[in-house]
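Chains as they are written, first to last, in this note's numbering: chain A, 1 to 616; chain B, 1 to 378.
If you're looking for bench data, these hints aren't it; they were derived computationally from the structure. Incorrect hints may have been included.
[Claimed, not checked] Lysine to any residue pairs mimicking SDA-like chemistry, simulated, CA-CA at most 25 Å apart:
hint	chain 1	residue 1	chain 2	residue 2
1	A	K116	B	A58
2	B	K149	A	K116
3	B	K193	A	H9
4	A	K116	B	I57
5	B	K193	A	E12
6	B	K193	A	S13
7	B	K193	A	I10
8	A	K120	B	Q52
9	A	K116	B	Q52
10	A	K120	B	K193
11	A	K207	B	A44
12	A	K120	B	K149
13	B	K193	A	N17
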Amino acid sequence: MARLRIKDHIRESRTFNERAAIALALVIIMIFVILARLVYLQIISHEHFSTLAEDNRVSIVPIPPTRGLIYDRNGIILAQNLPAFSLEIVPERVSDMDQTITAIGELIEISDDHLKRFNKQLQQKSAFRSIPLRTHLNDVEVARFAANRHRFPGVEIEARLVRDYPYSHLTAHVIGYVGRINVKELKRIDAANYSATHHIGKLGIEKFYEDSLHGTVGFKNIETNVVGRTIRTLERTPPLPGNDLHLTLDIQLQQVADQALGKHRGAAIAIDPRSGEVLAMVSKPSYDPNPFVVGISSKSYRALQDDIDKPLFNRALRGQYPPGSTIKPFVGLAGLENNIVTADKRTFCQGWFSLKGDDHKYRDWKIRGHGTTTLEKAIIESCDVYFYDMSLHLGIDAMSDYLSHFGLGKKTGIDLPGELSGILPSSHWKRQKKGLPWYTGETLISGIGQGYNLTTPLQLASATATLAKRGLYSRPHLVKTSGSNLNSELAPVMFDQEDRHKIATDEHWEYMIEAMVKTVHSIHGTARSISKGIPFRIAGKTGTAQVFGIKQDEKYVKEDIAERLRDHALFIAFAPADNPEIAIAVIVENGGSGGSVAAPVARKIIDQYMASKQSP
Amino acid sequence: MMKTKNKEYTQWGERRQSRMFTRGLHLDIPLLLSIIILSAVGLAILYSASGQNDAIIARQLTRLALAFTVMFIVAQIPPHHIQFWAPWAFGGGLILLAAVLLIGEEGKGAQRWLDLGFFRFQPSEIMKLAVPVMVAWYLADNPMPPTLKNLFIACLLIIVPVFLIAKQPDLGTSILIASSGVFVLLLSGIRWKHIAVFMALIATSAPLLWFNLHTYQKARVMTFLNPENDPLGAGYHIIQSKIAIGSGGTYGKGWLNGTQSHLEFLPERTTDFIFSVFSEEFGFIGIVCLLALYLFIVVRGLYIATQAQSTFSRLLGGSLILTFFVYTFVNIGMVSGLLPVVGLPLPLISYGGTSMVTMMAGFGVLMSIHTHRRLLSN
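Can you build the whole structure from these sequences, using the hints too?
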């Protein structure tokens with residue numbers, strides 16, 4: 001047994017050695033196979049692959065297009081590209097990085113954030129690529145570094161174009177701003193065209209006209225040396241700059257509107273009713289869009305977000321307010337056209353209105369009432385009882401149908417992103433949204449622009465413009481022409497118009513507009529305060545929208561109510577009444593009464609418009 | 001016996017003393033030196049391939065230190081201890097592999113990782129050693145050559161883990177593990193008749209295997225057959241790699257001067273395709289030297305196996321060193337367009353952790369086999 005084992009052991013060892021020898025032979029054969037392959041690749045085909053490698057040394061570098069500029073209607077620049085300076089380091093040209101950064105830090109402030117970002121890129125990028133250490137150096141910093149430049153080989157100051165909004169707060173809600181492209185946007189955009197672009201329109205005109213403003217990326221074929229440094233540019237396809245936009249906005253009018261609103265929260269919009277061109281669009285308070293371009297600090301951003309006045313909120317476009325009495329001219333036309341009332345029909349106003357079998361009092365703003373009231377008087381003095389009575393007979397659905405001709409409850413389709421539609425209630429709407437039937441009492445308060453009714457200031461301005469032109473609807477818009485700055489041709493941007501003159505007879509149009517003129521120019525008119533010293537006629541309508549519900553038999557006393565619970569003041573107007581050139585809607589949040597707070601804002605805008613027309 | 005030993009001692013006293021010292025540490029100097037040289041070459045080429053990135057070099061150095069430590073520890077374990085623990089290691093490895101399929105973490109479309117809370121690892125790495133150890137353990141208990149029945153069971157011991165790993169799917173590793181098991185069988189002296197039948201079986205099962213491949217695996221094989229068909233997609237790796245190797249020529253472009261790798265045309269240049277960077281910068285001459293170094297390691301490994309004193313050690317040692325060569329051959333074959341891209345690193349040179357540690361543990365086993373000989377016979 002033992003002998004057998006020993007024998008086995010020797011034989012096994014011999015077999016193993018045999019097999020190991022075969023294995024070694026195979027290994028050597030395989031090494032020769034590899035060598036043969038490499039002889040083929042490196043010696044026989046060497047020239048072929050060298051040529052291919054040479055080709056590889058030419059690489060394509062994208063060149064960013066210059067973003068189109070934005071001008072106001074008179075050619076004043078509203079958005080431009082300014083060079084900004086950044087401090088960049090080419091790592092391979094710096095012998096002692098720590099010492100260099102410390103030395104730079106003595107000249108120019110470098111925060112831990114900057115340093116962290118720099119070190120992260122230092123790990124990722126090749127040594128010959130320049131890495132920014134600090135961006136947006138100010139002039140002093142640039143000068144201070146320039147004087148010491150000789151001490152820092154491999155450290156350069158680079159100029160890049162950065163978007164700038166010279167009018168800052170004044171145009172923020174219209175033009176918006178550009179910011180760094182985020183992950184979500186990255187998925188949506190054409191990656192090739194944005195290969196050299198870092199910023200994209202985030203809001204406003206910048207966002208809506210992104211495609212037009214951006215332009216087309218250019219390319220250059222560059223030849224690099226063995227470490228990738230550019231030797232020369234072989235071929236260049238220049239980028240196509242983005243289109244310049246000329247807005248319909250008049251920056252001077254915008255300034256006047258902004259000053260007229262003063263410290264109030266609110267919005268003012270002026271439209272040319274003949275074309276739908278938006279002449280001014282102000283939402284207060286506003287914010288400075290420039291920090292957003294370079295990346296706003298989270299602290300500053302939180303401060304803006306937490307601000308009780310909501311400066312980031314675009315009230316003109318997204319603020320939804322009850323229209324209050326400003327809806328009366330439109331409801332009045334609905335009554336006339338539906339033959340519910342005639343021009344002469346009289347209703348007695350005793351200061352309140354009630355439905356049969358219901359002791360709830362629908363009150364008029366004037367406690368003692370307006371007495372015998374026609375439609376004209378109901379507009380001039382803004383009588384609520386007259387409209388309660390008319391709405392009751394008109395019915396909510398007929399009212400809703402008619403008001404939709406003026407674009408209420410629908411987005412206007414202005415060339416800005418984020419517009420809201422407001423609410424034009426109907427029985428169908430209530431059933432769908434709330435699952436409840438419509439109550440008659442709700443019809444009454446809808447007739448004076450309260451209840452479910454919500455409109456944006458833009459909608460109200462657009463409806464006023466349509467009324468001013470006796471039914472000619474023009475879609476409100478902000479861009480007049482767009483074109484490349486290379487060719488002088490500017491393509492006008494077209495917007496639709498629709499003639500809705502037929503929704504009222506000539507007689508009724510003139511009747512209603514005359515009533516609105518008297519609102520401003522007659523002794524009892526609610527907006528009589530603004531009529532002094534104008535050589536032309538203004539048509540207007542005041543409104544007051546309740547923020548805070550008052551209990552039955554309680555008096556609204558302005559001083560008793562906290563400022564933020566006071567009524568919103570509204571005013572719509574157009575001028576000149578017979579041949580309107582400007583239509584305006586003004587909303588002053590918690591302003592109190594429309595006639596005393598909102599109407600003067602409109603007057604200042606109209607004055608400026610007329611004055612600039614005389615001295616262009 | 002004692003006599004000859006004494007004679008040897010007096011004749012070669014000086015040399016023997018130094019050998020006694022390294023033997024005390026259970027290290028094999030020729031193997032150790034060649035591995036160190038290879039690692040140093042690896043670091044140099046990695047420095048170039050990574051675009052002179054110090055952070056990557058630092059990380060690779062840490063891994064090398066860990067791998068050498070593991071090798072040193074494994075070298076201290078006598079082969080009969082390894083033999084004793086073989087079934088346990090194999091059984092444990094199988095359970096972990098099954099666990100990966102059930103609860104493993106996915107990475108890059110494949111399920112390979114097991115998260116143990118404090119660290120993640122690939123159980124397939126354990127099997128790289130456990131499979132040859134287990135097959136050698138099983139065969140060594142019986143007289144050689146193995147009977148047909150034993151052969152059949154040994155095949156099962158290989159197929160089960162290989163199947164589980166291929167299922168993850170990790171084709172490269174499963175091929176390596178299969179070959180490490182098959183090497184044990186071949187070295188055990190199975191009859192040529194059986195080998196012929198075995199080859200015939202593989203040839204007939206090849207079409208079956210093709211239909212069980214994942215789409216991306218099929219794509220790789222198709223790309224291998226005709227890389228120019230898809231120059232920007234799957235074929236890009238191979239085309240760029242061939243350009244890098246070919247443009248290197250006889251003498252190479254010099255260290256740090258490879259344009260392909262530095263201009264970032266070459267993908268995966270620090271890991272699987274690092275051989276292309278080497279070829280571009282050091283040329284054909286450099287490759288001949290590198291292959292000579294690999295060949296030296298293989299020869300030394302085979303020599304250690306032939307000098308081993310038990311069947312188990314012989315089979316295991318032989319299998320480990322041949323698997324090391326397969327690694328090298330498959331990697332160079334794939335980057336030079338001889339074989340399809342299966343995703344295996346170049347041993348001791350490619351950037352990467354786990355497989356390097358396993359490889360060094362294998363060298364530890366070889367050193368253990370060689371340095372525990374006399375002690376075992378005593």
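Evaluated hints:
{"no.": "1", "hint": "K116/A with A58/B", "result": "20 Å, holds"}
{"no.": "2", "hint": "K149/B with K116/A", "result": "65 Å, violated"}
{"no.": "3", "hint": "K193/B with H9/A", "result": "22 Å, holds"}
{"no.": "4", "hint": "K116/A with I57/B", "result": "21 Å, holds"}
{"no.": "5", "hint": "K193/B with E12/A", "result": "18 Å, holds"}
{"no.": "6", "hint": "K193/B with S13/A", "result": "20 Å, holds"}
{"no.": "7", "hint": "K193/B with I10/A", "result": "22 Å, holds"}
{"no.": "8", "hint": "K120/A with Q52/B", "result": "16 Å, holds"}
{"no.": "9", "hint": "K116/A with Q52/B", "result": "21 Å, holds"}
{"no.": "10", "hint": "K120/A with K193/B", "result": "62 Å, violated"}
{"no.": "11", "hint": "K207/A with A44/B", "result": "51 Å, violated"}
{"no.": "12", "hint": "K120/A with K149/B", "result": "60 Å, violated"}
{"no.": "13", "hint": "K193/B with N17/A", "result": "19 Å, holds"}
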